[in-house]
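Asker: All chains, full assembly: derive it from the sequences and hints.
Here the protein sequences line up with chains A and B, keeping their order.
Taking this note's numbering, I'd label the letters of the first sequence as residues 1 to 353.
Taking this note's numbering, I'd label the letters of the second sequence as residues 1001 to 1353.
Treat the hints as calculated values from the structure; they're not laboratory data.
These numbers come from a predicted model, not from an experiment.
Built from N, CA and C at the ideal position, the CB exists for glycine as well.
Check each hint, because a few of them may be wrong.
[As the list claims (entries may be wrong)] Computed Cβ-Cβ distance ranges for the label pairs, DEER-style:
#1 A:A105 with B:A1215: 29 to 37 angstroms
#2 A:D207 with B:G1345: 47 to 55 angstroms
#3 B:R1102 with A:P12: 32 to 40 angstroms
#4 B:R1212 with A:S8: 56 to 64 angstroms
#5 A:S340 with B:R1023: 20 to 28 angstroms
#6 B:T1005 with A:G27: 44 to 52 angstroms
#7 B:V1146 with A:G27: 36 to 44 angstroms
2 protein chains.
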Amino acid sequence: MDLETLTSRIEPADTRAAAATQRLLDGKTKPPGSLGRLEELAVRLASIYGDTRYATAPRAVIVMAADHGVACRGVSAYPQAVTAQMVHNFAAGGAAINVLARQMAARTVIVDIGVAGTNDWPGSVRRCTVAAGTADLSAGPAMSVVEARAAIGAGAAIVAELVREGVRVVATGEMGIGNTTAAAALTAVFAARAAAAVTGRGTGIDDPGLARKIAVVEQALARNRPSAERPLEALAAVGGFEIAGLVGVILGAAAERVAVVLDGFITGAAALVAVTIAPQARDYLIASHRSAEPGHRAALGALALDPLFDLGLRLGEGTGAMLAMPLLDAAGAILREMASFESAGVSGPSGGG
Amino acid sequence: MDLETLTSRIEPADTRAAAATQRLLDGKTKPPGSLGRLEELAVRLASIYGDTRYATAPRAVIVMAADHGVACRGVSAYPQAVTAQMVHNFAAGGAAINVLARQMAARTVIVDIGVAGTNDWPGSVRRCTVAAGTADLSAGPAMSVVEARAAIGAGAAIVAELVREGVRVVATGEMGIGNTTAAAALTAVFAARAAAAVTGRGTGIDDPGLARKIAVVEQALARNRPSAERPLEALAAVGGFEIAGLVGVILGAAAERVAVVLDGFITGAAALVAVTIAPQARDYLIASHRSAEPGHRAALGALALDPLFDLGLRLGEGTGAMLAMPLLDAAGAILREMASFESAGVSGPSGGG
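Answerer: Written out as structure tokens, the structure is:
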């Protein structure tokens, strides 16, 4: 499906289901509003699914992996080879995302969408390789617009397939040495911030490394002149294959009317691009956590999303999104299982102040 | 067991297990520290259990219910009868805590430690009634010191029994119309704050109700002159039976070396009393969430505990504590299941900045 057809299929979420959910919650045996953001989440999910009763399982985390030409500029604490090594680790089930996905009963879908080198993946890794890593975004466009469209299409196709198989919630994950540099450049463009304000330490670079990384982001912006008014071109210029793939995941989930749970800084950058392309996609986003990466706050602000928690995570892979799953389940269970004042014979407010 | 014997059994948590856990985490396939507060939680739990491998199940939430004489002063939006009605709702499985405890695979232990009236409870409700509700704390002591000791002893005995049955994590819950007034008075005493700074809307009182509630807390403090230097007397003077019972739960859990997960404002007030009686009990506390009640921030500050999340909850019952359970599980799973750089053949930092 081409991008224009995909975005044309995204409809706003259901405000009537949202209102019905709030009424249902107000009749439950608790002071009105006392479950705070869990109630907000229940309302949001009901509006996504168009029903006060909705399922938050089965679910899947889609981990898109890709390499970045900019890694040669010394912007990461780890060598580029770690991307492919971690894909093997994902396939073997030993990474943090595997552990947390198992805990949260989510399927892990590992996608090579642009890993460098010739890789002999195990069968569980999907090969959707657009190219063997991007070009150095500080020297020119990271990829072509044709490649960006291909990555978006691949992401959307994976979601469509998962939904056909019954998946009701999609979580976004990623792996790619150098990808906080691309995410910083995209956040600078789409949240309209200076490079220095949205560039952080990523995997843990030192002070000289951080200064170098900021300079690289500034060069990327100066060289490519990306603009939020041409989002696809901006994504191609300073993005990454996994980020473009996640743009497709987000647009695909919105088109399929399933909730898409964002992880941290990288997936937040993908969300910024996605909602700029198709603003109605925002209705389908759930922000799980606020990352320790400074740019994530700016991205969430521009998305007008309030994350559910802040645990100082900065690992990516989809780990933060996994930790939000029990909250989605809990919000649904409250709606389905809790007694009402009437059914339980509990008195309402006495009006006594 | 008397209180002095109980507190004498509480030992500091195991700093060697904590250090071993941090080393283990640093060898896992992720940038050091990148799982943020999940790593901190893993370290804390290992220090509680004295082992890098620990179980966070089976678990139980102890919901202590009691009435408050001060309810007659119009400090709650709900009539006093709601306490007993909600105990029936707990027994029938229809309250928020039942729904969330089921989600989190926790056993719900419902305890009448001081509900007013003659109640015909179903068999699942434990009857540990110290008295049929406290006296009005704004007119004199809420209970006697003998009663406070009895309630603490009952809470500690329940934990000891649960631990004998295999429970490895205890969560604190409560129900009692009027109990945010008692918790505000205790927080004022033990966190050394003015009544107005720690008194909130509880179940949702209006502005005149809030002004009245603050005045009632001020009267309670003026009349009883409670002091943190005599914590048991202060608890008796301005506490509640469920709060005293929870002091026992906390001290009992610490004595048994199991983690005790705090819920919101009421259980935070109980924790303040418990750690004033036995400072080493603090090592066993996990703060789940920051409540919307303003006094909870002061209580957590005085406890030097940083909650895991803030979802604007203000329901109590143990609901926030339940939402923390998947984080405890996740922290343990990361330690047990994640690959190391060595085992997965993943390169460490390149040192390239």
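Asker: Do the Cβ positions of A105 of chain A and A1215 of chain B conform to the proposed distance bound of 29 to 37 angstroms?
Answerer: violated, 51 angstroms
Asker: Between S340 of chain A and R1023 of chain B, is the Cβ distance one that fits in 20 to 28 angstroms?
Answerer: Violated: the Cβ-Cβ distance is about 51 angstroms, outside 20 to 28 angstroms.
Asker: If you check the beta carbons of R1212 of chain B and S8 of chain A, does the distance land in 56 to 64 angstroms?
Answerer: holds, 58 angstroms
Asker: Has the hinted range 44 to 52 angstroms been met by the Cβ atoms of T1005 of chain B and G27 of chain A?
Answerer: holds, 48 angstroms
Asker: Is 47 to 55 angstroms respected by the C-beta to C-beta distance linking D207 of chain A and G1345 of chain B?
Answerer: At roughly 30 angstroms between Cβ atoms, G1345 of chain B and D207 of chain A fall outside 47 to 55 angstroms, so the hint is violated.
Asker: Could you say whether the range 32 to 40 angstroms given as a hint is met by the Cβ separation of R1102 of chain B and P12 of chain A?
Answerer: Since the Cβ atoms of R1102 of chain B and P12 of chain A sit about 34 angstroms apart, the hinted range of 32 to 40 angstroms holds.
Asker: Determine whether the Cβ-Cβ distance between V1146 of chain B and G27 of chain A falls within the hinted range of 36 to 44 angstroms.
Answerer: holds, 43 angstroms
Going through the hint list in order, the structure does not satisfy hints 1, 2 and 5.
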